[in-house]
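Asks: Sequence:
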Amino acid sequence: MVGTAARALIVSERRITGLSQVVIADLVAELGPVWQARRDAELCDRPRRRAVGAGAKYKLVFVDRLLATLVHLRHGITHDVLACWFGVDRSTITRAIGEIRPLLAGRGCRIAPGLRLRTLADVIAHLGATGQTGIIDATEIRVRRPAAHRRGRNRFVSGKSRTNAMKALVVTDDRGRLLFCGEVRAGSVADITQARDAGLVDLLADTVHLEILADAGYQGLAAQTYGQVVTPPRKRRGKNLEQVQWLMAHHEQARFEHSSRRIPVEHGIAHLKNWRALARHHGHRHHLPDTIRAVAGLLSDQQATHKRKLAALPTGQSR
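The numbering of the sequence shown is the numbering used here, which starts it at 194 and goes up by one.
Only true hints are included.
Under the rule of at most 20 Å between Cα atoms (straight-line distance), these lysine to any residue pairs were calculated in the SDA-like manner:
1. K250 to P226
2. K252 to G291
3. K252 to R231
4. K466 to R337
5. K466 to D483
6. K466 to G211
7. K250 to D233
8. K353 to H474
9. K250 to T197
10. K252 to T197
11. K353 to A463
12. K466 to H268
13. K252 to L224
14. K252 to P226
15. K252 to A199
16. K466 to R370
17. K252 to D282
18. K250 to R288
19. K250 to R231
20. K466 to L212
21. K250 to G291
22. K250 to Q229
23. K466 to R208
24. K466 to G369
25. K353 to Q412
In case anyone wonders, no lab produced these hints; they're calculated from the structure.
Just need the whole structure built from these sequences, with the hints factored in.
Replies: In structure tokens, the structure reads:
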């Protein structure tokens, strides 16, 4: 069990977890009862010879389990190092992260106090209700190569980066705030196929005048969504030199304006990749979807808290 001084240092130093003390306190208050309720349900669900609460006590309390998971997600520290730091066995850290990570993943992205978006359908409904512009993109995360001679080994090879990767669908608003991150697919899946499999076309069929910016990898969705998915314009051919020059200049200007509007989603992806667990995933591939959603939820919490803090500052005061 980690000492009180070490625990206080982890909580107070934002560089260790990437989160402020306010966010960590909210996480403890929100997830602590949920974790305890699940643990009690597991104990009561099986035949027992002793009363609930008897037997050996936890060497790693809930707060330490949460902190170990946050440090692991932020810096990608191995379970062995965390076990030495917290003074427990490696298996205890592995079990703790396995318990806390799904709880973090199920929280969704925070948009406002009491409002979280957990699915792509929630995001489309939120954008349609608020009239905001959404920005969609896919980001690749390197994963371990499957074992030799295993079936489907090559489906993780990305055609873009030529590495073994898995890709996640990312949606932000026009200010770069994370709205959704998930729908993880193998690296060989095309971006437009991933969006279709996620049900984006069907979800946009029930909306009107909703604008979602996308890159050239999603060309084709504009026709299926009645122009609600906006992609860069395609090149057009002219009949003479003067017309060709005008079309080329107009085309480059239109592409530049479109890419400038899409910059916030690139910033959102960059903030995600600051968490080492997503810079390169060294664990099992089936843990990656929960890891991505957990990091997205934590990042959205920090962004919302930072925005609230800036709004509370007097006018003209610097950050």
